[in-house]
Amino acid sequence: DTEVTQTPKHLVMGMTNKKSLKCEQHMGHRAMYWYKQKAKKPPELMFVYSYEKLSINESVPSRFSPECPNSSLLNLHLHALQPEDSALYLCASRPTTGARNTEAFFGQGTRLTVV
Amino acid sequence: AQSVAQPEDQVNVAEGNPLTVKCTYSVSGNPYLFWYVQYPNRGLQFLLKYITGDNLVKGSYGFEAEFNKSQTSFHLKKPSALVSDSALYFCAAYTGGGNKLTFGTGTQLKVEL
Numbered sequence: 144d145t146e147v148t149q150t151p152k153h154l155v156m157g158m159t160n161k162k163s164l165k166c167e168q169h170m171g172h173r174a175m176y177w178y179k180q181k182a183k184k185p186p187e188l189m190f191v192y193s194y195e196k197l198s199i200n201e202s203v204p205s206r207f208s209p210e211c212p213n214s215s216l217l218n219l220h221l222h223a224l225q226p227e228d229s230a231l232y233l234c235a236s237r238p239t240t241g242a243r244n245t246e247a248f249f250g251q252g253t254r255l256t257v258v
Numbered sequence: 055a056q057s058v059a060q061p062e063d064q065v066n067v068a069e070g071n072p073l074t075v076k077c078t079y080s081v082s083g084n085p086y087l088f089w090y091v092q093y094p095n096r097g098l099q100f101l102l103k104y105i106t107g108d109n110l111v112k113g114s115y116g117f118e119a120e121f122n123k124s125q126t127s128f129h130l131k132k133p134s135a136l137v138s139d140s141a142l143y144f145c146a147a148y149t150g151g152g153n154k155l156t157f158g159t160g161t162q163l164k165v166e167l
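Quick note, the sequences are listed as chains P and F, same order. Per the working numbering, residue 144 is the first one in the first sequence, and the count goes up by one each step. Per the working numbering, residue 55 is the first one in the second sequence, and the count goes up by one each step.
FYI, nobody ran anything at the bench for these hints, they're computed from the structure. Each residue gets a CB set at the ideal place from its N, CA and C atoms; glycine is no exception. Treat the hints loosely; a few may be bogus.
Sample of chain P residues lacking proximity to chain F, with all beta carbon distances greater than 10 Å (derived) [what the hints assert, rightly or not]:
1. V155
2. S202
3. P204
4. Q225
5. T240
If you anchor each label on the Cβ, the simulated ranges turn out as follows [what the hints assert, rightly or not]:
6. E69/F with S198/P: 43 to 49 Å
7. Q125/F with H220/P: 43 to 49 Å
8. S198/P with A55/F: 17 to 23 Å
DSS-like, lysine-lysine: derived pairs with alpha carbons at most 27 Å apart [as the list claims (entries may be wrong)]:
9. K164/F with K184/P
10. K131/F with K152/P
11. K154/F with K152/P
12. K103/F with K181/P
13. K154/F with K183/P
Start from the sequences and build out the full structure, keeping to the hints where you can.
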């Protein structure tokens, strides 16, 4: 199994809503990532988890709250988002952080629209 | 500063012709370089990587890439393009101590009949 599974595929939420994005992998990877991607642009790193601990937060606004409840699961909790937060949110994993020669595996993404 | 650059926003090529998507890098230490492809509204798919050894790396779907240390380049190539190769291509490398995958700005490849 070399898949990273993200749910839901599409999400429309109001600015006062609370929602969560889910990411799951069963490859035994201990590094997991959240990226945000705008149309035709490269992915922008948001958070990195290493062995279930947050190791990098790229100065992301607090309305985005990550959570890594176990080694297979990564969540992104969303609250009071703005329309400019509409984007494709990508999850990725790889065996560990620090090893610069290992590729990351990406999920298919969640297309988020904030109205 | 460590970075990856893709000088072309778009590359157009006729089906059956060879294609090249360019990438240059500026990273400290040994360069480990990656190519990913993204189809519309999909995630990124890993194509190939350069770690060490042969300068010509073979990857998925008939793609290959040529590493050139003197020119600090890692260009993606395919001998005969297909319309289905039309997609957004990203070159990438790890920076910041190996934790952050840094992407180039992306190159839109359009293969026409």
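Right, here's what the structure says about each hint:
no., hint, result
1, V155, "holds, 15 Å"
2, S202, "holds, 13 Å"
3, P204, "holds, 19 Å"
4, Q225, "holds, 22 Å"
5, T240, "violated, 5 Å"
6, E69/F with S198/P: 43 to 49 Å, "holds, 45 Å"
7, Q125/F with H220/P: 43 to 49 Å, "holds, 45 Å"
8, S198/P with A55/F: 17 to 23 Å, "holds, 21 Å"
9, K164/F with K184/P, "holds, 16 Å"
10, K131/F with K152/P, "violated, 32 Å"
11, K154/F with K152/P, "holds, 25 Å"
12, K103/F with K181/P, "holds, 25 Å"
13, K154/F with K183/P, "holds, 20 Å"
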